[in-house]
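Peer 1: The lines below spell out each chain.
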Amino acid sequence: MIQKLYTSAALPEPLDLFGQMIAQAPFALWMADREGDVFLFNEAMRSLVGIGDPDRIFGNYNIFKDPIATSQGLIPYIKRVLKGQVIQTVVMMDLSQEDFGAEGDSAPKVFYVRCLYFPLKDSRGEFEYIVTMVENITQEYLEDISLSRTAHELESANKDVIEREKRIGDLKRRQKDLQEQLMKLQGV
Amino acid sequence: MTAAQAVNLIEQFAAQAPFGVFITDSRGISIFANKKLHEMFQIHEHPSGALGYDVFGDSSFEALGLVSLAEKARNGEQIDVVVDIPRPDSLGAGQKIGRKEAITVRITCYALRSSAQKIEHYVLVISDVTETARHREELRIQMHGLAIYDKSKEARLVRLRELEDGVVRLEKEIRSRGAEPVA
Numbered sequence: 001m002i003q004k005l006y007t008s009a010a011l012p013e014p015l016d017l018f019g020q021m022i023a024q025a026p027f028a029l030w031m032a033d034r035e036g037d038v039f040l041f042n043e044a045m046r047s048l049v050g051i052g053d054p055d056r057i058f059g060n061y062n063i064f065k066d067p068i069a070t071s072q073g074l075i076p077y078i079k080r081v082l083k084g085q086v087i088q089t090v091v092m093m094d095l096s097q098e099d100f101g102a103e104g105d106s107a108p109k110v111f112y113v114r115c116l117y118f119p120l121k122d123s124r125g126e127f128e129y130i131v132t133m134v135e136n137i138t139q140e141y142l143e144d145i146s147l148s149r150t151a152h153e154l155e156s157a158n159k160d161v162i163e164r165e166k167r168i169g170d171l172k173r174r175q176k177d178l179q180e181q182l183m184k185l186q187g188v
Numbered sequence: 001m002t003a004a005q006a007v008n009l010i011e012q013f014a015a016q017a018p019f020g021v022f023i024t025d026s027r028g029i030s031i032f033a034n035k036k037l038h039e040m041f042q043i044h045e046h047p048s049g050a051l052g053y054d055v056f057g058d059s060s061f062e063a064l065g066l067v068s069l070a071e072k073a074r075n076g077e078q079i080d081v082v083v084d085i086p087r088p089d090s091l092g093a094g095q096k097i098g099r100k101e102a103i104t105v106r107i108t109c110y111a112l113r114s115s116a117q118k119i120e121h122y123v124l125v126i127s128d129v130t131e132t133a134r135h136r137e138e139l140r141i142q143m144h145g146l147a148i149y150d151k152s153k154e155a156r157l158v159r160l161r162e163l164e165d166g167v168v169r170l171e172k173e174i175r176s177r178g179a180e181p182v183a
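If you're matching them up, the sequences are chains C and Y in order.
For the first sequence, our numbering assigns the number 1 to the initial residue and increments by one for each residue that follows.
For the second sequence, our numbering assigns the number 1 to the initial residue and increments by one for each residue that follows.
No lab work stands behind these hints: they were computed from the structure.
Check before you lean on any hint, since a few could be wrong.
Calculated lysine-lysine pairs in the DSS-like style (CA-CA distance at most 25 Å, straight line) [to be verified]:
#, chain 1, residue 1, chain 2, residue 2
1, Y, Lys36, C, Lys166
2, C, Lys121, Y, Lys36
3, C, Lys159, Y, Lys151
4, C, Lys109, C, Lys83
Predicted model only: the values in this text are computed from it and were never measured.
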């Protein structure tokens, strides 16, 4: 099945190679203009964030007013993209804070995503557009958290080992002294 | 936003992306490679140096352990893999790849299909993840070292208890002989 590309302006059909590349991509993306208004997104994005009617996005959704990005203090960073920067961040997405009009969506509402923001230049060479690519990395993120936690626990355990090593040394010396004392008492 | 502007931006997406984009025809012969891909692999003769490369006919894939994955990709399966390439300049015999330093890349490969489900193109999205992979490897090595310490911790605990018991026995023995254990 050919995936769709959703745009605020009707694109000529059929889509050209680059249009197909975005439409059929496994990665979710949308594009916004310099005011932050989204004018294009692909099927993977629709599926990831649960967009119902595309018109809930066009003219209504603005990346600079996104409640999740705002609550996590990301907006100033995202705006740097219009100065030519590429920004990558991990965000906890709680879709209960958003309403994209999905119907009967049973997908998890909270997940971790890696967001890559980068600029596109217009025909004059000015940074005018922002591409956001979003990847669900919940599994990878939780593994990383678990890895870090285990590393931390093992580090603490290692400190215990050093303390025990010292205690073993003390006990060995104590045992030797007591053995010598006992041998004297036994007249050996 | 007009349709013409949108079409232009869609084209510019591949051209200006901060990751490598590589598109082939239905046989796997490259017909598009963006600037980032050229930079990543130091491919000369920009912008056409990466064109004509046969993705599925690369003899170096065997050494990289990519043969079965390449076959899956050729059959239209979506592939997402991280690959260590020790000598990028050995890729694709006859290609002009200048990069000699090892690189670790994440490759996402997917097929573009016609409405009749025929594969018409393959897209490879390639990101340089060398630093991330190095960091993860360091973490794994650290984890391994710590795990060894963790295992030996149990043995030390047993030894500690044995010594404590031994000391208690000796002190008791000394006291039973009417003496006070040395401090």
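Peer 1: For each hint, tell me whether it holds in the structure or not.
Peer 2: Consistency of the hints with the structure:
no. : hint                : in the structure
1   : Y:Lys36 - C:Lys166  : violated (56 Å)
2   : C:Lys121 - Y:Lys36  : holds (15 Å)
3   : C:Lys159 - Y:Lys151 : holds (14 Å)
4   : C:Lys109 - C:Lys83  : violated (33 Å)
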